[in-house]
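Trainee: Chain by chain, the residues run as shown.
Protein chains: 2
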Amino acid sequence: MKRIKLVVAYDGTNYHGWQVQPREITIEGVLNEALTALTGEEIQVIGASRTDAGVHARGNVAVFDTESRIPGEKFSYALNQRLPEDVIIQDSCEVTADFHPRHCECRKTYEYTILNRTFPLPEYRNTAFFCYGDLDVERMDQAAKQFVGEHDFAAFCSAGAQVQSTVRTIYSVTVEREQPEVIRIRIRGNGFLYNMVRIIAGTLLEVGRGNLEVSKIADIIASKDRANAGPTAPAKGLKLMQIEYL
Amino acid sequence: MKRIKLVVAYDGTNYHGWQVQPREITIEGVLNEALTALTGEEIQVIGASRTDAGVHARGNVAVFDTESRIPGEKFSYALNQRLPEDVIIQDSCEVTADFHPRHCECRKTYEYTILNRTFPLPEYRNTAFFCYGDLDVERMDQAAKQFVGEHDFAAFCSAGAQVQSTVRTIYSVTVEREQPEVIRIRIRGNGFLYNMVRIIAGTLLEVGRGNLEVSKIADIIASKDRANAGPTAPAKGLKLMQIEYL
Chain H
70 MKRIKLVVAY DGTNYHGWQV QPREITIEGV LNEALTALTG EEIQVIGASR
120 TDAGVHARGN VAVFDTESRI PGEKFSYALN QRLPEDVIIQ DSCEVTADFH
170 PRHCECRKTY EYTILNRTFP LPEYRNTAFF CYGDLDVERM DQAAKQFVGE
220 HDFAAFCSAG AQVQSTVRTI YSVTVEREQP EVIRIRIRGN GFLYNMVRII
270 AGTLLEVGRG NLEVSKIADI IASKDRANAG PTAPAKGLKL MQIEYL
Chain S
70 MKRIKLVVAY DGTNYHGWQV QPREITIEGV LNEALTALTG EEIQVIGASR
120 TDAGVHARGN VAVFDTESRI PGEKFSYALN QRLPEDVIIQ DSCEVTADFH
170 PRHCECRKTY EYTILNRTFP LPEYRNTAFF CYGDLDVERM DQAAKQFVGE
220 HDFAAFCSAG AQVQSTVRTI YSVTVEREQP EVIRIRIRGN GFLYNMVRII
270 AGTLLEVGRG NLEVSKIADI IASKDRANAG PTAPAKGLKL MQIEYL
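Residue numbers (the working numbering), protein chains in the order written: chain H, 70 to 315; chain S, 70 to 315.
With the rest of the complex left out, here is chain H (with noise of 0.2 Å):
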């Protein structure tokens, strides 16, 4: 028995989010169907992130154990070729039995993309949040520094999260015009909260929009009162795009 590690790169458009539930198309559930498929056994692979739906993805990662012959790194291959053309596995490697993706420390980079112009572009209907209006990035980018550093995240997190601690660590959040008409928001920590990316870019959005304060935002995050935070901005816009494993 050997375990697999997979790197996942997914559009998230037409998925009811990774985990498996009944009667939906699930990125878990293709993968579970690929290997079953490709290796004669019963397989469920373990991810990494259980993003929801609509959430892309450049690098969640999943494990799945096997007694396949198929060496770890030629999985990648064998596994593309079952698999539909908008879940693709970047890498595949062979790695020890006690490698849990969920339960090894790591760090996590998420990227949320806004476009931000007169109008929509087909190209980004799926894969960024459209905001009509002027954005003042120098200060979201001011406003994303306040967010480094280990504190209690607990006002940037949806109701319904099963955690023990709210307490997470950010190393960096950036905002950059990347084009002109694109906005990119890049964030790097040991974890997030539920929806936790998605509510930092919604209060960052309404810093761009210059509906709240830059000096405000570490008041929010003192109040740890979700009340006081953005709105969750819209999953479309959202990609996972790193774990390392440390």
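Treat the hints as calculated values from the structure; they're not laboratory data. A couple of the hints might just be wrong.
The list cannot tell twin chains apart, which means a pair is met if one copy fits it or any two copies do.
Claimed, not checked - In silico SDA-like pairs for lysine to any residue, Cα to Cα no more than 20 Å straight-line: (1) K74 with P189; (2) K214 with S241; (3) K71 with Q215; (4) K143 with T187; (5) K293 with A223; (6) K214 with R253; (7) K143 with V99; (8) K143 with G202; (9) K293 with G229; (10) K285 with Q211; (11) K74 with T187; (12) K74 with F188; (13) K74 with L190.
Knowing the structure of chain H, use the given hints to seat chain S on it.
Mentor: Same frame as chain H, but now just chain S:
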């Protein structure tokens, strides 16, 4: 009666090209339908560029005549309410009755996108040609420069085109790595033959792979023989960026 000019952006993935065809969904078809519903008149647009199935546009142009009282610049907003989300009007304005999008002199700019890495990425599956092997972008750019100027581009035209002359002027061609893994061919000219940009892209790909010498481009142009140029690169990598009228 007034003539209205539209600037149209679309993701061509789900369309059988621009031109109306029986029992197929086309860009022209959805524009006619939306305009007819909006104005109550039987409207048929005239398009500048009849793009093929799968080709995208940021700035294709169409005109139509109407008795509607809607001001020219308001058509964009009114139409976007009625169009599918993969066809979005970027601008609208009234033009003189003698303006014809195909007969007036113009400059067209196209982009061809190549995703050059080990595995495809889901978000590029409909908008880039995926190429696994190493591509020498510097040599591609050198070869691209050979297309600049007024030439008979008969060697870069698919059979079946009905044109009086195959002479066209290319003002610029550039090949650049925009991100480490994304190569963009950008070409601007006074007009393009059927499949001309895709055949140029296919020929530049042969140069990038090392299958064709940079110096051979001039010979291929001079031969006026389609058989000497490279293959026609896939439609999905092509986007009509802009049409400038003089």
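Trainee: So, against the hints stated earlier in the document, which numbers end up violated here?
Mentor: 3
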